[in-house]
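Model the full structure from these sequences, guided by the hints.
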Amino acid sequence: MNTRTQRILYIDTRRCMGCRACETVCKLENDLPAGPRYTMVTEVETGEGFTEKLNFLPVPCQHCGDAPCVRACPTGAIYKRADGIVLTDGSRCIGCHECLLACPFGVPQFGANGRMTKCTMCVHRIDEGALPACAANCPAEAILCDTVENVSRILRERYGASASYGPFAAELQEAGR
Amino acid sequence: MSEAYRDIPWRNHEDLDRYAVKQNVPVWIGGKKVTADRVVKTCCPHNCYDTCGELVYVKDGKVIKIEGDPDHPITKGHLCLKGFANVQKINSPDRVKYPMLRMGERGEGKFRRISWEEAMDWMVEKIRSIQTAYGPEAILEYCYSGNREHMAKAVAGRLWNLMGASKLVGSFCLLSGVAGSVGTVGSQYTMDPQVWSQHAQTLFLVGRNCTATNPHIFPFLYRLKERGGKLIVVDPCATGVAAKADIHIRPRPGTDGALALGLIHWIVENGWEDRAFIAEKTTGFEELKEYVKTWTPEYTEKVTTVPAAQIREVAEILAKTDTMFETGYGQQRYSNGHQVQQALACLAAVCGSFGKPSANYDCISGMAFPGVTGFADGAAVSAPKGADIPKTRLVNIAAVARAIHEAKEPPIKGVISYRGGLISQQPDVDYTIEAVKSLDMFVTIEQFMTDDTDYADLVLPACHYLEQYGVHPSYWHNWNQVLVPAVQPPYECVPDIEIFAELGRRLGYEAYFPKDMTGLDWCRLLIGGQCDLDKAVSPNGPVRHTENWCPKVPYETFDTPSGKFEFHSSVLEERGKRFPGHYDPLPVYYEPDESIAATPELAEKYPLNIISQHPSFRTHSQYYNLPWIKEIEGPARVFLSKKDAADRGIADGDKVRIFNDRGELTDIVARVGIRLKPGVAEMSSGMWVKLGGSVNKLTKLVPAGPRDILAEDGILREYDPLLDGNTGSYFNTLVQIEKMEQEGQA
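Note that the protein sequences, when read in sequence, are chains A and B. What the first sequence shows, in this note's numbering, is residues 123 to 299, in sequence order. What the second sequence shows, in this note's numbering, is residues 91 to 836, in sequence order.
Check each hint, because a few of them may be wrong.
[As the list claims (entries may be wrong)] Where chain B lies over chain A, by a calculated footprint (3+ residues, C-beta under 8 Å): (1) 129 to 141; (2) 182 to 188; (3) 248 to 260.
Hints in this document: simulated from the structure, not taken from any laboratory. All C-beta atoms in this analysis are idealised placements derived from N, C-alpha and C, irrespective of residue type, glycine included.
This is how it looks when you write it as structure tokens:
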């Protein structure tokens, strides 16, 4: 797989502010009851004193380049599409939870029927040229879904030109930008 | 066995296809394409800054999907988590489906089903008997912002006026701050975020947890930051927006007004004030300058706990850069709430932050109270021509429980409640419940069986906002979309407007509630005179308010008595000569009613100041009962600092007891971390009393000023919503927290 053209769901954590709209828009889009959660915003506290900070980390399926769940699945129920989206064939799942043990992010969910289900990157929408529901809706415009190349371009537009803000602020300031 | 639902002959059935933006629209549900019968445009009226534009997909008479309206210039097709949960809410099997009459004692929650015919007869008979025994003023409505649109309240107002009932006035949210703001600034406006995000250098954001209450500000705020602008946030809590701030100021709760004075002091001390603006457009500056002399950074630190160095740093930024002031409402939920806003307005004026695209001041848009400004013709609806409308007493909602307890000649004996959780949202739950128990008639119009319905004599099945009309211009942005019903009400639910119209007809006012008048007709009567209504009705909308109501760059002039910004407020001074309270012409700081400084003996017993923010999961008590929301929110929890937790032997996740002299909560999960500084605890407002998490078991009924309405037991002859206040001082609440014995321990 060409990682530059792989489609990814990128969370701009500088922007996520913890509103959790991605969680219910996902429920509605995918017709999910309480139970399986395709994405979940975790709140992480970092720092001490004046550097104390709340961080918000939505965790949908990462659709990993080399997905451990795909390798862990004993029945081949999990597979990666040519564009990088990791999907599950529920009819082949035997509910063994091997994928959950392999996933570093705790993504696989198990509904009432015991079979694995998870974020599909809203593949039904992607196939018609639309964004996944969470990315289309995010009020903070923190969820990006595109190829690696394009996501990286959007981030450069957001932060690259700014001297006072963003991950390279110090370097840019030094460079006199 | 499915229950049968009866037709309600007096309901106004309309063809709702007329509001379709499109018909036979494909839409995805659960990964499959479904064809919706129609998609309708409306907006969310749940008392939030954003008032989002919505597209509602309907199939077989049911709402199957909601999306943000991509054509809305502010909300841009994005909704919050509650927006989507409305699909679960409106289709919930737990809806109140038909009228129900109480069987057991108040509080037991036992009811039997009755018909609308019986319900109407019961109400008419009860109202008549109360009127006969005590007089017409013994009846009172209770209505707040659960659905904050203005139309149903105005139609109900027509009925109360005709009946000569006591009239509910005021607010327990934000009118204290409005008094402080109107007193100095005059009429209230907000500047479009598209403008300041492109021009300001600094955004000074006070008391607003935008994640929960204003999520659509974020793209604008990021735009400002990506231009190199600075974000300064004032909040005792480490909120989501504070996490994005360049500087986060964390004052002791209730001292934001002191902080503003300290900032003014340092600006003036260094001669950084905007002298041209002050000379040309303000009055009373010398007096303010004299007053802030004592508010040195060191003294301000003593009061607020904000480090003097931070005060100096921030004062310089505010004064030397083009600063946009976006003030929220959290800072005014203390008994000094009016002073806080007065001081913040003065701070903005000292910085010259008025009337410029790059530097302006937002407190609240006058569109928050369209009947007061004249955008809505409240009188046309509520006081129809030719009707004999008696002048009645007024009851202030910020002290409604006190009024019910204390009213005499006549007492308050009948309350009809809708769109507000009286028991869960008013401070001091036990006191409120006692008040409700003293009534001869308590009717609630509700979507679910809430804290209020448990104490009601009669429960009527209410409509979701997607089942009725409404008018709710945002109080932050300047765009308007009229609410239209996307679907017909299910079961035996009836839109609020139609309930009041039918009750009016049955009480003998047929002439004033014509049967063929639709919700849209009422909306036209309310705001049709001041805007082109049809342009804001689905399939059209939203439309920007016209420049005369909402200027693009407001505050180039001021409409105070002097025509200038008034550091010395003449209107507050005059008002103070007529009414009891704290009408100080200058923003003179005083401590909140209950605090470690104001009540040190009490603080020895109850050393923690608990504040109750609005959570993003709910609109106060609404949405709490939905599976999607419960799953995200989890059990009731209280946030504590690491130090306060350690001092009490509390670990993250422990169950704790929270208590003071007014009440206690048990089995609350402690969340220990960085969100709060020592001495402060936070527990979100709106969790239901009967489910054990209502912070209002602990809060006190002491409304913020400026007017002291408790001196009058909340019962008034005259009231000015722009100058009198009030606000519930929910946040000046002292408590103690202790770890609960875990099961299996000795």
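Hint by hint, here is what the structure shows:
1. 129 to 141: Contact hint for the region 129 to 141 of chain A vs chain B: holds, 5 residues under 8 Å.
2. 182 to 188: Since three or more residues must qualify, the claim that chain B covers the region 182 to 188 of chain A is violated, with 0 doing so at under 8 Å.
3. 248 to 260: holds (count 3)
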